[in-house]
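S.K.: Here is how the chains run, residue by residue.
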Amino acid sequence: MKEINISKLITSILVLAIVIVGVFGLLKIDFSSENYKKLPADIHSQLLKKEYLVNVEELNINDSITAYIFVDLRSKFDFEKEHFNNAINIFAPTILEKEHLSLFKKIEKDGKTIILYSTSPQKTISTWYVLTKLGIENLKILNANITFENNSFMVTTVENEALPISIADFIKKSSEVKVEPKEIIIPKLNPKKVITVKKEKIEIEEGGC
Amino acid sequence: MKNKNLFLFLLLLIVSAIVFIMPLLIKGDSLTPKSQLAAIISSERFINADELADKLINKDPSIVLVDLRTNAEFEQYHIPTAINIPFDSLLDDENKAFLNQDKVSIVLYSNDYLIADQAWFLCNSLKYKNLIVLKDGLKGFYNTILNPVLPEEKMDQVDFERYNFRKAAGIYFGVPYNTAPEKAVIKTVEKPTLKKVVPVKKVKVEVEEGGC
Numbered sequence: 001m002k003e004i005n006i007s008k009l010i011t012s013i014l015v016l017a018i019v020i021v022g023v024f025g026l027l028k029i030d031f032s033s034e035n036y037k038k039l040p041a042d043i044h045s046q047l048l049k050k051e052y053l054v055n056v057e058e059l060n061i062n063d064s065i066t067a068y069i070f071v072d073l074r075s076k077f078d079f080e081k082e083h084f085n086n087a088i089n090i091f092a093p094t095i096l097e098k099e100h101l102s103l104f105k106k107i108e109k110d111g112k113t114i115i116l117y118s119t120s121p122q123k124t125i126s127t128w129y130v131l132t133k134l135g136i137e138n139l140k141i142l143n144a145n146i147t148f149e150n151n152s153f154m155v156t157t158v159e160n161e162a163l164p165i166s167i168a169d170f171i172k173k174s175s176e177v178k179v180e181p182k183e184i185i186i187p188k189l190n191p192k193k194v195i196t197v198k199k200e201k202i203e204i205e206e207g208g209c
Numbered sequence: 001m002k003n004k005n006l007f008l009f010l011l012l013l014i015v016s017a018i019v020f021i022m023p024l025l026i027k028g029d030s031l032t033p034k035s036q037l038a039a040i041i042s043s044e045r046f047i048n049a050d051e052l053a054d055k056l057i058n059k060d061p062s063i064v065l066v067d068l069r070t071n072a073e074f075e076q077y078h079i080p081t082a083i084n085i086p087f088d089s090l091l092d093d094e095n096k097a098f099l100n101q102d103k104v105s106i107v108l109y110s111n112d113y114l115i116a117d118q119a120w121f122l123c124n125s126l127k128y129k130n131l132i133v134l135k136d137g138l139k140g141f142y143n144t145i146l147n148p149v150l151p152e153e154k155m156d157q158v159d160f161e162r163y164n165f166r167k168a169a170g171i172y173f174g175v176p177y178n179t180a181p182e183k184a185v186i187k188t189v190e191k192p193t194l195k196k197v198v199p200v201k202k203v204k205v206e207v208e209e210g211g212c
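Chains as they are written, first to last, in this note's numbering: chain A, 1 to 209; chain X, 1 to 212.
Among the hints, a few may not be true.
Unchecked claim - Far from chain A, by Cβ distances over 12 angstroms, these chain X residues were calculated:
1. Ile-47
2. Asn-48
3. Val-64
4. Asn-71
5. Ile-83
6. Pro-151
7. Asp-156
8. Glu-161
9. Arg-162
10. Tyr-163
11. Ala-168
12. Lys-202
13. Val-203
Stated by the list, open to error - Label pairs and their calculated CB-CB ranges:
14. A/Lys-49 / X/Pro-80: 29 to 37 angstroms
15. X/Phe-165 / A/Asn-151: 33 to 41 angstroms
16. X/Gln-157 / A/Ser-45: 50 to 58 angstroms
17. X/Asp-88 / A/Val-21: 41 to 49 angstroms
18. X/Lys-154 / A/Thr-94: 36 to 44 angstroms
19. A/Leu-48 / X/Ala-39: 19 to 27 angstroms
Calculated from the structure, these hints are not laboratory results. The structure presented is a predicted model; accordingly, all values stated were derived computationally and were not measured. By construction, the Cβ of each residue, glycine as well, lies at the ideal position given by its N, Cα and C atoms.
All chains should be built: construct the whole structure from the sequences, respecting the hints.
M.R.: What follows is the structure, given as structure tokens:
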């Protein structure tokens, strides 16, 4: 009888331990967050195609809303100063909020292209990366720098990954430049005339009393 | 009855084991979008040209430079000590062993920093450690170190010291220093002799006296 009770006790402890482990495991799963659907290798091959950038000149403004939707990733403050017509403001650090993700998915479902923009393509690429990895397709980055100067919204197309000058040529030219030595002019002074003054001998009067 | 209990026990054991292991099985890379977005937004992954130049001049052994540009661009010019891993072949098996380590800090750079940043995202997803991106890439390195702008006269002393450091660093990285002549030419010019001034005595005009 006693042995049965001990075995029952051990079984209960084991079951309890297993339940605790199970609950702990369940707690570790973050059911609220989205999970990545693409592997880094998939993104890498997508990046190599370089189809993720779009120039302003390629966009037909009349197609706005019907074919594509601008998503402004800047802060609300910058967005309110000026933005593209019909653009939606989603501040970059908040893109993973449920309402924003469902909005992205809705736009994608409607078959429209999402054009992300911020102050520069460099600032936008991180958002593109996270959203693409989450499986959202039809994402493009506006290849332009956005500034607000003198009360006007400036959109300048940029040439990414281009050097303004060949560094090798710059170094070569620098070594070819010959700098003429500086001239230091020192005036030659005429020697001063030295007039020697003959010292008169003081003659001591002779005689006296 | 005994068999039923054993069955339930085993079932519970298996379910618990699956639940416990599940988070690890969900995806190959366990980085969540939230944690990666936080890392991406943070600017900790960047190093600027001045800091990098300082580390390279001091021959910091904890730094390894990786040039992500094409082989042709690399051959034209690259920052001294850099090795070339073109972005196209970043995820190749031969490069994995080099990039996936925790001994040194790997500084990634390209002409700008768009490609270097992309390389960082990909390697970060693969949980590679100690990766840094050169802010503004080779373009920034050229503007800061190889061809620095002379500060204006009204600027602070610190700016002049920084300029001097950059100019000296530029020489270290291959730019010849040619803004000053090797030796000044000293010319002597004879001072023109002064003319002797001979004072002329004015003759007093005497007014004749008397007479009517």
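S.K.: Are the hints correct? Go through all of them and say.
M.R.: Evaluation of the provided hints:
no. : hint                                      : in the structure
1   : Ile-47                                    : 15 angstroms, holds
2   : Asn-48                                    : 15 angstroms, holds
3   : Val-64                                    : 21 angstroms, holds
4   : Asn-71                                    : 15 angstroms, holds
5   : Ile-83                                    : 18 angstroms, holds
6   : Pro-151                                   : 20 angstroms, holds
7   : Asp-156                                   : 26 angstroms, holds
8   : Glu-161                                   : 23 angstroms, holds
9   : Arg-162                                   : 20 angstroms, holds
10  : Tyr-163                                   : 17 angstroms, holds
11  : Ala-168                                   : 15 angstroms, holds
12  : Lys-202                                   : 28 angstroms, holds
13  : Val-203                                   : 31 angstroms, holds
14  : A/Lys-49 / X/Pro-80: 29 to 37 angstroms   : 33 angstroms, holds
15  : X/Phe-165 / A/Asn-151: 33 to 41 angstroms : 39 angstroms, holds
16  : X/Gln-157 / A/Ser-45: 50 to 58 angstroms  : 52 angstroms, holds
17  : X/Asp-88 / A/Val-21: 41 to 49 angstroms   : 46 angstroms, holds
18  : X/Lys-154 / A/Thr-94: 36 to 44 angstroms  : 43 angstroms, holds
19  : A/Leu-48 / X/Ala-39: 19 to 27 angstroms   : 23 angstroms, holds
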